[in-house]
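Participant: Quick mapping for you: the protein sequence lines, in order, are chains A and B. First residue of the first sequence: 173, per this note's numbering; consecutive thereafter. First residue of the second sequence: 173, per this note's numbering; consecutive thereafter.
Check the hints yourself; a few may be wrong.
Treat identical chains as interchangeable: a pair holds within one or across any two.
With a cut-off of at most 30 angstroms between alpha-carbon atoms, the simulated DSS-like pairs for lysine-lysine come out as follows [as the list claims (entries may be wrong)]:
no.: 1; residue 1: K299; residue 2: K278
no.: 2; residue 1: K720; residue 2: K704
no.: 3; residue 1: K471; residue 2: K720
no.: 4; residue 1: K723; residue 2: K647
no.: 5; residue 1: K281; residue 2: K299
no.: 6; residue 1: K722; residue 2: K367
no.: 7; residue 1: K627; residue 2: K706
no.: 8; residue 1: K647; residue 2: K281
no.: 9; residue 1: K376; residue 2: K720
no.: 10; residue 1: K723; residue 2: K281
no.: 11; residue 1: K720; residue 2: K299
no.: 12; residue 1: K720; residue 2: K278
no.: 13; residue 1: K299; residue 2: K706
no.: 14; residue 1: K278; residue 2: K713
no.: 15; residue 1: K278; residue 2: K476
no.: 16; residue 1: K278; residue 2: K647
no.: 17; residue 1: K713; residue 2: K281
Read the hints as simulated data drawn from the structure, not as lab findings. Predicted model, so just to flag it, every value in this text is computed and none were measured.
Protein chains: 2
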Amino acid sequence: MQLITVAEYLFRRLAELGIENIIGVPGDFNLDLVELIEHDERFRWIGECNELNASYAADGYAREHGISALVTTYGPGELSAVNGVAGAYSEHIPLIKITGGIALAKQAKNLPLHHTLLNGAYDQSLKIYQQITCAAEILNFDDPGAQIDRLIESCYQHKRPVYLQFPQDLVTHLIAAPQAKLNLVNPTTTEQVSKIAELTEDIKVQISNAKKVVVLVGELVERYHLQALVQQFLQDSSAAYVVSWGAKGVVDESHPQFAGMYAGCFSAQEVQDYVENADCVLALGWLYCEINSGTFSAKLDPDKLIILNLNSGTINGTDYTDIPFVALVESLCHSHLKIAPYPRDFSANYLLKPEQLAPQIEHDNLIYRLSQFLQSDDTLILETGTIAFTSGYYTLPHGCKIVSSVNWFSIGYALGATTGISLAKSKGRTILVVGDGSLQMTVQALSTQLRYGLKPIILVLNNSGYTIERIFLGKNSSYNDIQEWNYLRLPAAFGGEAYTRQVSTDKGLVEALNDTKSHANQLCLIEVMMDKYKQPPALQKLADIVAKMKK
Amino acid sequence: MQLITVAEYLFRRLAELGIENIIGVPGDFNLDLVELIEHDERFRWIGECNELNASYAADGYAREHGISALVTTYGPGELSAVNGVAGAYSEHIPLIKITGGIALAKQAKNLPLHHTLLNGAYDQSLKIYQQITCAAEILNFDDPGAQIDRLIESCYQHKRPVYLQFPQDLVTHLIAAPQAKLNLVNPTTTEQVSKIAELTEDIKVQISNAKKVVVLVGELVERYHLQALVQQFLQDSSAAYVVSWGAKGVVDESHPQFAGMYAGCFSAQEVQDYVENADCVLALGWLYCEINSGTFSAKLDPDKLIILNLNSGTINGTDYTDIPFVALVESLCHSHLKIAPYPRDFSANYLLKPEQLAPQIEHDNLIYRLSQFLQSDDTLILETGTIAFTSGYYTLPHGCKIVSSVNWFSIGYALGATTGISLAKSKGRTILVVGDGSLQMTVQALSTQLRYGLKPIILVLNNSGYTIERIFLGKNSSYNDIQEWNYLRLPAAFGGEAYTRQVSTDKGLVEALNDTKSHANQLCLIEVMMDKYKQPPALQKLADIVAKMKK
């Protein structure tokens, strides 16, 4: 039996998952662990300026790579990452949160240690993380290898974060090396297998009985790495399809069967009508949440809706539970189903045309110019705020996708996530559009990007504050203002070099985007000046709904 | 009966506590509340760039003012403040954490709202905050006024943070106005009163029987606003006294009876010997924790120790519980106790002399030059890290105090806290010494200080990374390095003006400190260049203890 340290056990599992960058912040309780990471050829340590940014970066890395590891110290360090990990929970992102914990031998002495709450307990962090993870454990001497495997498998299978507290005195403790690979497949019982066959037939019946069928592709298709399979299914079945707000780019949007983005009233009117007039909507991995449903304005008749979701769903008006999502989607995609084409007459009439663009930059300019700018393999990150409400309107080339925080909606997320996405991407560009208020939340992430030679193209929308809030309340209230920064001076202050340019006109925007091509070896920071009251149309719809509800 | 809104009820209570600045970040679930704050003449809204900084600022405001209010939105906003609030818990800081919550009517509909975890529950934040507060509630329609009072009284009496979630639909709900003022006095029963009299006599007996008595003044004396009383007691009783690490400046350190800072082996050797050779140590409100005890190196014989702590303590070797701290200290201070002088022969021999200073800046230069620079009413904030380990060595004029995070030890805290302390101070300067790694954590706080015209004097120690960690592990490991920023360019990047200067010599330091006097109308940022391996002696002692423990 080969004996290895618990740290090495964890490292082998992380390497097995293809994790090459470990993101975090050092601190006294994790130094032993971080020292080993630094000197391990399988990994690169990515030191962030703070733990919130580290958690966002780990979220971004997981979205691009499939899973990520985030290392902080006990107490202050891990508690600064709570928001980011909670966001990963809300959005179904598999992130392994590793905390360097107090040595168990030290805990047994019950001392009032620094980084503790001084109330005689050391398990508050565990209790906090239990609220925002699908599994949380403090490693102990009994069988830490099994604990590690249990946590990572849970993370991967449920696509939710897990919390792994690694006490100092376990780091070099010796245990048996793993005998087999991790089980990354969601387990399926014999009963479930026959039930899946049955449900697949039910779906085929419901779809064959319908004349106007549209497939709604949701973000969980991407989380479970089913994009290629689903794409093939869509083509083979000749189905018309749309994507959810949070699934922009998950399947090919340049394909003639693609009909747009659907999110209730946040959709283009043509797309909304098209989807809601179908007599069968097959929703695959659609995260039912406020934004994806257009603040619950989506009018999808339950009897006409087939939902295949995480272990639950609806077929023919009957709800089911306890069926593994992946296995059911695979079964359906392999079922040689043919779907009647559902013709549409709007043929992307809703898409922007250059003659509609204003000379001064508005949201439409960004949508149109960036849509033109995007290439296959690019990732476009759209920050929460006004910008997020343009998500559905981008025209994406095949292989290009949009990342946004569709439900957690934490401002500051996107700049942090950009670090992780840039790290994980093997090809294509990382392009971020971020608001000024959001950028101020997590601005240190720029420093990390410069430190590690990352080269995102960042468009900072300078619209003088929290524009998204002005539409709801406090149009001119000072709490919606922010300090006016000189954004273009940030890279130099952070000790890095970057291409920087401020633009306020459509012409300037086109030039600046073009300039980035000859500055591909640098981080590019473009400050986009915009009127502080400009809102994208989808946001106006939301504001109307909210105002109506208030009455 | 006067009817007022629940918001007004809360505001009256905050005003009653003298809170004039309400610190926070707006977000959709708290907009109604923040809009009212903005237009309320009793308050000034202080908008921070992010919630972690806001929580640190609220902690600082509470340290200076006595209590503070921190407002964020539900979900992402409040969860970004968890670390800061946990720190306030650990350090006994009364901070009212107010979250703008989801309307109760909306919660009842069980919708998958944005900013939620999408698992059908809305109470995870409450459960998280229950771990790091002394009381936590979501307001409801039954009796929200009573809830508000209960929470604030608990906060004030226990000197710990509380969590008050304020659902949107309660903001303008009408309730009866408060009939009486808040009860801010820790309640005392008749039984306790007689027990206090008895304990006071016991203390007097133990002290009268001792020949070498020293009073150890701890930070809880300040938290409970007992400084003036205790100072009078020390003078009247003619007692020799020392302060704990976390209580620097709580009592007059320029007084002849003052003998120094005591924290076990972190003390100057002379002070440690002096305290540990006493035959009676009267510890008033001493927060027993790792740093205050010199990593548990303090050798204080329990039989010779009188401890008056929060509702518990030790007198004559007997432990007691359930006695209100404030009432017992008041009783003792009013007991006309006379204490035999405990002479000492070191007469501050351990204090630095200018001829000992190196030409290039080391920690001793900072200690000596800042000690010279400090004036009555100044507050010196020392960040966690190498800098914190110099805390005990400053010579403070009467009325000047040091703020540091003595136990939570979260790097990044001090720059954030500086905002709140500057806001709350009515006279004297706010001076901060912060490390580069710490500053990078929360650098946006500088922007907030510039935005609101605050004028702290900030010394940034540029020692190329996490110097405190290099002494423990990874002396030359890259995870202890950070991105090299151009710190002096930060104010301009953040859209503000400041006096800036980089210094590396003792002479330059003296000049720069002197320059701040003619730039008193500006924020001053001094970059202090220091060798990356320079550690203060107290930190070396800690490293030795840790290395020994590892073996």
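Participant: Evaluate each hint against the coordinates.
Facilitator: Status of the hints after comparison with the structure:
| no. | hint | result |
| --- | --- | --- |
| 1 | K299 x K278 | both (20 angstroms within a copy, 27 angstroms between copies) |
| 2 | K720 x K704 | within (24 angstroms within a copy, 60 angstroms between copies) |
| 3 | K471 x K720 | within (18 angstroms within a copy, 68 angstroms between copies) |
| 4 | K723 x K647 | within (19 angstroms within a copy, 63 angstroms between copies) |
| 5 | K281 x K299 | both (21 angstroms within a copy, 27 angstroms between copies) |
| 6 | K722 x K367 | neither (45 angstroms within a copy, 56 angstroms between copies) |
| 7 | K627 x K706 | within (29 angstroms within a copy, 35 angstroms between copies) |
| 8 | K647 x K281 | between (56 angstroms within a copy, 29 angstroms between copies) |
| 9 | K376 x K720 | neither (41 angstroms within a copy, 70 angstroms between copies) |
| 10 | K723 x K281 | between (59 angstroms within a copy, 17 angstroms between copies) |
| 11 | K720 x K299 | neither (39 angstroms within a copy, 32 angstroms between copies) |
| 12 | K720 x K278 | between (57 angstroms within a copy, 14 angstroms between copies) |
| 13 | K299 x K706 | neither (43 angstroms within a copy, 38 angstroms between copies) |
| 14 | K278 x K713 | between (57 angstroms within a copy, 19 angstroms between copies) |
| 15 | K278 x K476 | between (60 angstroms within a copy, 27 angstroms between copies) |
| 16 | K278 x K647 | between (54 angstroms within a copy, 24 angstroms between copies) |
| 17 | K713 x K281 | between (59 angstroms within a copy, 21 angstroms between copies) |
Consistency note: the structure conflicts with the earlier hints numbered 6, 9, 11, 13.
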